[in-house]
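> Chains as they are written, first to last, in our numbering: chain A, 1 to 350; chain B, 1 to 596.
Rather than coming from a laboratory, the hints here were simulated on the basis of the structure. Note that the structure is a prediction, hence the values are computed from the model and not measured. Careful, some of the hints might be misleading.
[Stated by the list, open to error] Residues of chain A placed beyond 12 Å of chain B at every Cβ, according to the derived structure:
1) ILE51
2) ILE97
3) ALA254
4) LEU285
[Said to hold, decoys possible] A short list of chain A residues far from chain B (calculated; beta carbon distances all over 12 Å):
5) VAL48
6) THR79
7) PRO300
8) ILE310
[What the hints assert, rightly or not] To give an idea of the chain A side of the interface with chain B (calculated C-beta under 10 Å), a few residues:
9) VAL36
10) ARG100
11) ALA104
All C-beta atoms, glycine included, are put in the ideal place defined by N, C-alpha and C.
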Amino acid sequence: MVRYVIRRLISIIPTILGVTIVVFMFLRLIPGDPAVAMLGEHATEENVARIREQFGLNRPVFLDREALKQGDLKGFFNTQYLLYLGRLLRGDLGNSIHRRIPVAETLAQRFPATMELAFFSMFIAIIIGVPVGIISAARRNSVLDSTTMVGSLVGVSMPIFWLGIMLIMLFAVTLQWLPAGGRLDSGIELKTITNFHLIDSLITLNFAAFVNALQHIILPTIALATIPMAVIARMTRSSMLDVMQEDYVRTAHAKGVAERSVLYKHALKNAFLPIITIIGLQFGLLLAGAVLTETIFSWPGIGKWVYDSILSRDYPIVQGGTLLIAFIFVLINLLVDISYGYLDPRIHYD
Amino acid sequence: MKGKSLFILLAAITILSMVLAACGGGAATTEAPPVEQPTEEAAPPVEEPAPTEEPAPTEAPPPTEAPQASVFIFGRGGDSVSLDPAIVTDGESFRVTGQILESLYTFAPGTTNPIPNLAEECMPNESATEWTCTLRQGVKFHDGTDFNADAVIFNFERWRFTDNPYHFPEQVFEYYEAMFGGFDDASIITSVEKLDEYTVKFTLSAPLAPFLANLAMDIFAISSPAAIEKYGADYGTPAAGAVGTGPFVFKEWVEGDHISVTANEEWWGGRAKVDEIIWRVIADESARYLALKAGDIDGLEQATVEDLADAENNPDLYILRKDQPTTAYLAFNYKIQEFQDPKVREAIAHAINKQGIMENFFGENADLATTLIPSSMWGYNDTIEDWTYDPELSKQLLTEAGFPDGLSEVTIAEDIVDADNNVLFKAGDKIPLRLYYLPISRFYFPTPKEVGEAMAADLANAGINVEMTTEGDWATYLAARREGRLAGLYQLGWGGDNGDPDNFTGYFFGGGAEPIQREGWYQNPTLAELLNQALVTPGQENRDPMYKEAEQILHDDIARIWLFHTRVPLIFSAKVQGYQPQMVDADNYQDVTVTP
């Protein structure tokens, strides 16, 4: 098991390297560059050329064949990508081209915001989605089953954008129960340690900040959790129904095992493999969906930040942000794979 | 079992927090007290509170309760790039720096007239190549250091000299170069000398007519030299903020979320009425408007047409319109053979129903444009008669130009290449006539695609069939425009920087006699010469007719189709009074009051 985990962890390295190459290449394939995006309507030839030079954007992207032809081996490797990789290995994600501040610094502030929202949403999606799926499966074809499944169909099909606006209109504007956006009210002081507001407020025993942070996270969580919740509920239901056709479940029923016990002890554990898989995949989609949620609820996470940076061609931010998202995604999938072993004793890791 | 208790716990927390919120905690829940209904166009002037010697006992607050700070929260679409105004070009940065820092001159409220600010006056010599500025005395930066001649010189030298230790190589002092001709020896300002503690002398290599207007720009605001020395290249970043002499002091910047400033108790112009300003980033226009309605914010800029209509009917809100000098236009790419014929250009000018488009898409948020320079600026030529909307005349002109069956296809006159010299359109190629619309909403084109579609419909009525297209995203579009490869008609616009007409016509059509790549290869040596002359001619009264003449040349040449001068709508809660929109530079906040 330990060897498997180590092997998987090592395999993250080429994956991440692949991500850097793909992101680097695609970013530079999009026409327009940071200089033009930065200067806007004002761009003059000289300014654009100067900015390109300052940020090394005039260097070849991967390898400098011209330099090699001239026998300049150092120049051959003196390219945008390799310089970036060199800095990356030293733990330097570079500086934002537009804001000129270290990408790592902003990531440290924004990434927890996205993760806080993503984890909270996933948590809600699971604790509601899974029970709903189980109940639907247990009472197949009942009114409850039909209602929840129609409900989940609506959930899957609901555009986050529309849902977000509706939630704000109802809970923030009409009922005035919850704030329309942001992470914390301006008057609330909170000492940041992890940058996860809910955690920081608990650590510092700042109850006012905790309640305020909770109020702020509710609406974006509902918006973000709806789709994965619906997918998980539907997946749980169909997976449970499959398992409940199995002989051992029938045997359990025949032996007179209590319905509850059959459901939770016998069926659920086996039904969980595909559910866990879908949860892992949904987490990736959740991070992608965070762009919209963060935009509507003015949530200062990395989704909107990376998206805006693509538009302004702020390469270091896009590279740093996607790298981190890819890393988290790979890590979550590793956790999913490991959990298979616990759920199904037939799976062995060598 | 464990899962069940966890679920109950979470549900309990959620419900509890909702209940707590509903019970009156949090800023979002404050209900607007009944307030006087403001007029739609302008907030009623705020009266200074009458000084009462002995407040009535009933009105006195309980002695134990500290007076609540008044906070003005403004919602905006994007974050500032930097709070060092010298190295940025975006309005969201100036919106904040304009409150923290001050320039030697400023613009009189609601106009483009430069008036003294940190300088008490600047007087030119006879040839207007030397300007002697007397500085305001007794002014201190927020860090306690003195504002004086040394501070002015420090800033100007930092901007100008590329080898200045504080002219950091990774920073782009773009506006200095644009407004003062270049860096180092290319700079029109050849020296800034200290005559005494509070007097500086600027020496120019040639007269620069918009000199005072340039000094008044937010970009050339004076930062504390001590702060720049202390923070180095970090000056202006969220960690350091900015240190100036303005009415508000930098408090904090949570990147992507908000920036806050507090009233400068020592401001030479008198303490601001509001205690704190917070600019909150709410990127989505609808969400921003809902945040205003929910009471999360007190004011905002830029809203959708639907939300503006809603706000007009909402007694708790009112609208101000920022009359900034802007012009939206439709440009020709002159590498298209047909566009080289003035009759074709005129046919297109007569085919577009500008009035109809304005009524449908802009309402009160725009005026029709007949020239590049907006009517609110000096240099505007009010004698020019716009091209009438007349599709029949368009058809006739097209027939005269040799296109009796209308125009759907055009010919490339010269190769159009990209930055790497790859030929995108070859000379002689026939391509569909294209109309490029902006890929994003800009303040001068809030709904570019919809306006483009309306134009296309108008053009089709006159037998001109265009293919609607755009070019990638904003950066891509700008790059294509800069390289002169938007092969057809294309939308773009301009927002003025300093209220000087050179910043409009001069920027676009000044320069040399060659075709201007960035301007769709437009070429007019006579116009360029006139504009270059206007830039160095002293005296507004002498320059004014020159810009009027330039506009007449552009009109007679049908160089472009000028469409609209747009206004930026601002919506406020009725609790807010005293907000003063500026034509150029940041709006003024020092008279803002927020009724609790």
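> Please go over all the hints and tell whether each is borne out by the structure.
Verification of the hints:
1. With a least CB separation of 6 Å from chain B, A/ILE51 falls inside the 12 Å interface cut-off, contrary to its annotation.
2. For A/ILE97, the requirement that its beta carbon stay farther than 12 Å from each beta carbon of chain B is not met, with the minimum near 9 Å.
3. Every C-beta of chain B lies more than 12 Å from that of A/ALA254, the closest at about 26 Å, which supports listing it as non-interface.
4. At the 12 Å boundary, the C-beta of A/LEU285 stays outside the reach of chain B, the nearest C-beta of that chain being 21 Å off.
5. Under the 12 Å C-beta cut-off, the non-interface status given to A/VAL48 relative to chain B is violated; the minimum distance is some 7 Å.
6. At roughly 17 Å, the least C-beta separation between A/THR79 and chain B is larger than 12 Å, which holds for a residue marked as non-interface.
7. Distance check on A/PRO300: its Cβ comes as close as 4 Å (rounded) to a Cβ of chain B, failing to clear the 12 Å threshold; non-interface status is violated.
8. Non-interface status of A/ILE310 relative to chain B is broken: a Cβ of that chain comes within 12 Å, the nearest being about 8 Å off.
9. Below 10 Å, beta-carbon pairs count as interface contacts, and A/VAL36 has one with chain B at about 4 Å; its hint therefore holds.
10. With its C-beta approaching chain B no nearer than about 6 Å, A/ARG100 sits inside the 10 Å limit, and its interface hint holds.
11. Checking A/ALA104 against chain B by beta carbon gives a least distance of about 13 Å; that is not within 10 Å, so the hint is violated.
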